[in-house]
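Per the numbering used here, residue 505 is the first one in the sequence shown, and the count goes up by one each step.
Think of the hints as simulated: they come from the structure by calculation, not from any bench.
Remember, it's a predicted structure, so these values are computed and weren't measured experimentally.
Check each hint, because a few of them may be wrong.
Said to hold, decoys possible - Here are the simulated lysine-lysine pairs, DSS-like style, with alpha carbons at most 25 Å apart: (1) K620 to K592; (2) K1039 to K1005; (3) K839 to K865; (4) K839 to K1541; (5) K713 to K1460; (6) K1612 to K1598; (7) K1653 to K592; (8) K605 to K1637; (9) K1036 to K1107; (10) K1143 to K1039; (11) K649 to K530; (12) K1265 to K807; (13) K798 to K865.
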Amino acid sequence: MKLSKIIDNNRKTLLDTFVDVSEKHKELSIATGYWDLEGMRMLLPQLRNYEKIRLLIGREPLIPRHQLEQPEPDYPDQDFKFDLTHIKPESELKDLVTEIKQWIESGKLEVRVYRKNFLHAKCFIFGSYDSDEAIGIIGSSNFTKNGLTHNTELNALESDHRVVVFEPKNKEQEVGHLYWFDSFWNDEGTEKWNEQFGSILESSPVGDKLFSPYETYIKTLYELYKEEIIDDELVISESENGRTLFDFQHKNTQALLRRLRKYKVAMLSDSVGLGKTLTAINVLKQYLEDEEGKKRVEIICPKSLVQQWEKEMATEGIYGHKPITLQNPNEIEKKRELDAIASVTLFVIDESHNLRQTNGKRFKQVLDWVRENPKAHVLLLTATPINNQLSDLTNQILLGTGGDADGLRLTVADENNQTEQRNFYQIVENLRKKINQDLKRDGKIDYNHIKQVMTPIIRTFVVRRTRQGIEQEYGYLMINGEKKVFPVVVPEVLEYVLDNKLVKELRSVTSESIPLDEIYELDPEQVVEKCKDLKHPLDQISNVSKKLDKEKLDGENPMYFVFQLILMLGFIPYRWMMYKADYYGKTRDEIRELKISSDKSKKLLLQLGIFGILRTVFLKRMESSVSALASSLETYSYKLDLFEKGVNEGKIVSMDDLDALESSLGDEDVEVDEKALEEHTLDEVDDKNYELESLKKDIQREKQLVSLITAQLKILNKDDSKIKCFADQLNTLRKRDPNQKILVFSYFADTIKYLEENIGKYCDFLNEENTGFVSSKNKGDSENMASRFSPKSKKYQLKDGETELQYLFSTDVLSEGQNLQDSGVLVNYDLHWNPVRMIQRNGRVNRLGSEFETVYIYNMKPEQKLDTYLELVKRLEGKINLIRNTVGTDTPVLDEPENPIEYTDSVTDIYSSDVETRLKALQDAEKASDFLLSEDEFVVDLKKFNSNESYPKEYKKKVYQMSDGKWAVCPKQEARGQERPEVFGLARLYSEAESDPIGYQFAKIDRTGSQIQAVSQLQALEWLRTTQEDNDRVMDKITADKVAVKDQLESKVIQYFGQEETGSLIGQENNILRFLYENGYAQEEIDLVRDVFKTTNIFYKREVDKLKRNVMRQKNKGEMYQDDLRELVKLAKEIDKNTNDEESLTPKKVESVLFYVNRNE
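Can you make the complete structure from the sequences, with help from the hints?
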């Protein structure tokens, strides 16, 4: 056969030549600047016949030599990995990889890499020195598919075997092909590369070996959360005279800057005592010291924290940036006037949860300011982003975005379990509706679903560290060159016993119409569970079958008898709707069956819901102090008289704002707008529409109950057991350390007032010089009191005439943002009902940098006899908090959920006699209080792996750099949540404008690649979660159609993220455009209004919709509508002015990351 001397892939391909030549040879030597698997596949039949193949790989100088003199040290590893990632994962290629590895193991194939210099030459040598038909081909073709077939090449074939195998005897003689090859093959700069070559092949997406389930889990975590363990390119500057950041604060700064630059808004939500202000100041510095010059930064904080901010910034060398307060709207307006000179680059809003209600004037003022600076970034600071309901978080985020919710779009399942793409506001709103529907249907809440939906949203915007997470990750922190840990918290119990002699006197209180003895015998838990019909509790006593032993009543705690009567209160002025003729006497189930309008239904359910809340508030006040309950009873008695007067006049006179009612009575010591507490005429009442006779009878019985409880309180007031127990502990602590500072908390301002008036009788060392009392009644003094109590931590210099405080009594007005760590002792005067408040209080003294190795927390509780009763109160509180923390108090529910978040165990164990149980309870309470915001357990798993020194760095690198598109097998153990699918995958999302990924999406796909459905990130991670014991690699036996699955993932995932169509204008909107034309508005103005009808900005849309309705209503009634039309045009101009033209982060490109199968088959 005549062979072509010149091979250019045009007249003759190198592939065809290779096939022709291979028949007569058993040895092959190849030198190439590159290699690919596809090229080897094309020659597989010929290669199988060789006995020995030598493959020498060098680096071609593809970049200018003046930039690089030697090949990169990681060549060709990364290049081969890249190519193997981007070829179709066909099963035929996996078989080829297996065969190539067998060749290496048998010695048939040997691979080396020349690293000394670039190797630009390529050659294919057929035969050995003994061959008499050896052939050599030298030229430009690499051993690749394109080099063998498509590329325009120039290769010369030498068929004279004497030339090919010639070995020169001196330097003057020319070298033969084989001699030239051997000189490089045996060069000291050539590295044996069999093992690496086989490893790259088998670990590639077309490889035949699977990484272990644990390695795959870690790689997935690294892909999603790598920012948690590595420093990125963001340069973080620190002032020379500033404090050195802790590592976690440094990482938090980076994480916040990433979010601010990507989404324009970020929230720092570290738990209390972790130095949020310092971290925020460090973020702020990056804007003040920007390479483009100093930028304008505005800080907004509560009035009580202004001095603290000024001191902290001065310590960091920042001057001239005085924070402004929400309480001073005029100051904000003056600052807004500066926008015309210099726009704001960064807003820092401290305690941003104070701006969680969108209908407040303060919210609107700050929102308008943010809108006027559309390019500004907004940093939110709060330890409690979700106070009462999920919308607390979304409202704060929307404040930061100026109302734009499209910055983050996620895929979620709709009611038909079909996946769709929504912005984060729509997702939370749909979640809220689902929770409400679930509660109405069966009284249950799917917490796992809430977490699945909320966690991706929270992780996108919120940066949060917890004390437990820091202790677990770091162990200790360096402060002033010393190893420091958080103080050890020792929770102690102060149990007080009320005088049992009072029981006889309490039982001597009698009533002709109220069956007291029968009430005292009722099982309190059954009273709560069995008396839920829409009538007064006194009329439902017969529902309670379980009774207490009469003989044991005399041994009960005196407080028990007050508690029993509180359970009988009906709170009629706030539940008056149940006396409507259509509702009265019905069960909850019967109410469900009624066809009530949504507005009436909401009002009725709100009233039914307030019953449990007020009942619990009264019970908690009773435990706190007689004064606290007496004050509430006095207020309630006054309201009851007003309500009775109204009924006698044929009117329902009551409060419309039930939230304000709860705030005024509840355990949050806050200032309540007096106007919100005013009564209004809410309905006309007569015996046709109302069960008037029952209503009037119940009012009288309610007044008798109030009188009876008041009489009981007068008796209980004689017992000073609680305050004496408290005073004894203060005396003990004073004897132990006369200079010890002590911080005392109570929920209720009335209790603080009682202590202020009475504690001096038991502790003569307390006086005006050394003791302060703070509540909402004197909130203006709170900052001064706190500074005098903790001058070191607050860097406060006492003024002339001021004395340092040693004792500070306060409600929770001081549990927000205050650093009081000059104290190492905290006393909680009331029982804990909610771990959130407990943790917040502890954070006032248990903070970073505390000089105390041990912090003592003393918790007061009544004697054990009341435990059963208090358990009931805690369960009631747990249910109420559940409703608040998921759907909010403004979302009515018919029944409390059956399975609330069980705060009760952790809170109860705080009072255990066993110290270890108390310590564990404190840790559990911290976790339970952080239902949605706790340290991410998946991130913790990644950090554990990353810090595990038993794993070599090279091993970790290989896991982290696992090839894109690799397949894996899930752990064998069952996972939480939904059943694992047969196949699911992870996709990386890119925007055209972004070089870094803008997000990730999991999706489940059938084995044939014909169906796909998005999956939440949390659920996918639950399917993958495993431990380091599950770390065995196995051979790939997966039979799923890998090519089809990959194509489906990359082509269909992008469809979830298509922009929503805004749709055509509706008739109402077209009418308004016509009105504008008829009223002489310019075409430009009409076009602006047309555009504004399509706005996706949440707050602007509300304003636009309101004006649309007003215009149409006025027009239809024949009224003047021009004013609202003018306002609509004005709003359209404002929206156009404040709209930022930046492209939204919508995915335009998708890359496969990993694929997972349930079984390796």
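To see whether the hints hold, each was checked on the structure:
Pair hint K620 plus K592 does not hold up; C-alpha atoms about 34 Å apart against a cutoff of 25 Å. Distance hint between K1039 and K1005 is unfulfilled; the C-alpha atoms sit about 36 Å from each other, more than 25 Å. For the suggested pair K839 and K865, the alpha carbons sit about 17 Å apart, so the restraint of at most 25 Å is met. Taking the CA atoms of K839 and K1541, the gap is near 67 Å; set against the 25 Å cutoff, the hint is violated.
Taking the CA atoms of K713 and K1460, the gap is near 18 Å; set against the 25 Å cutoff, the hint holds. Taking the CA atoms of K1612 and K1598, the gap is near 13 Å; set against the 25 Å cutoff, the hint holds. Distance check on the hinted pair: K1653 and K592 sit about 18 Å apart at the alpha-carbon level, within 25 Å; holds. This hinted pair does not check out: K605 and K1637 have alpha carbons roughly 69 Å apart, beyond 25 Å.
Among the hinted pairs, K1036 with K1107 is consistent with the structure: their alpha-carbon atoms are about 17 Å apart, no more than 25 Å. About 20 Å separates the Cα atoms of K1143 and K1039, which keeps this hinted pair within 25 Å; it holds. The straight-line distance between the Cα atoms of K649 and K530 is roughly 22 Å, inside the 25 Å bound, and the hint therefore holds. Taking the CA atoms of K1265 and K807, the gap is about 35 Å. The hint is violated against a cut of 25 Å.
With a C-alpha separation of about 31 Å, the suggested pairing of K798 with K865 is violated against the 25 Å cut-off.
Consistency with the previously given hints fails for numbers 1, 2, 4, 8, 12, 13, ordered from lowest to highest.
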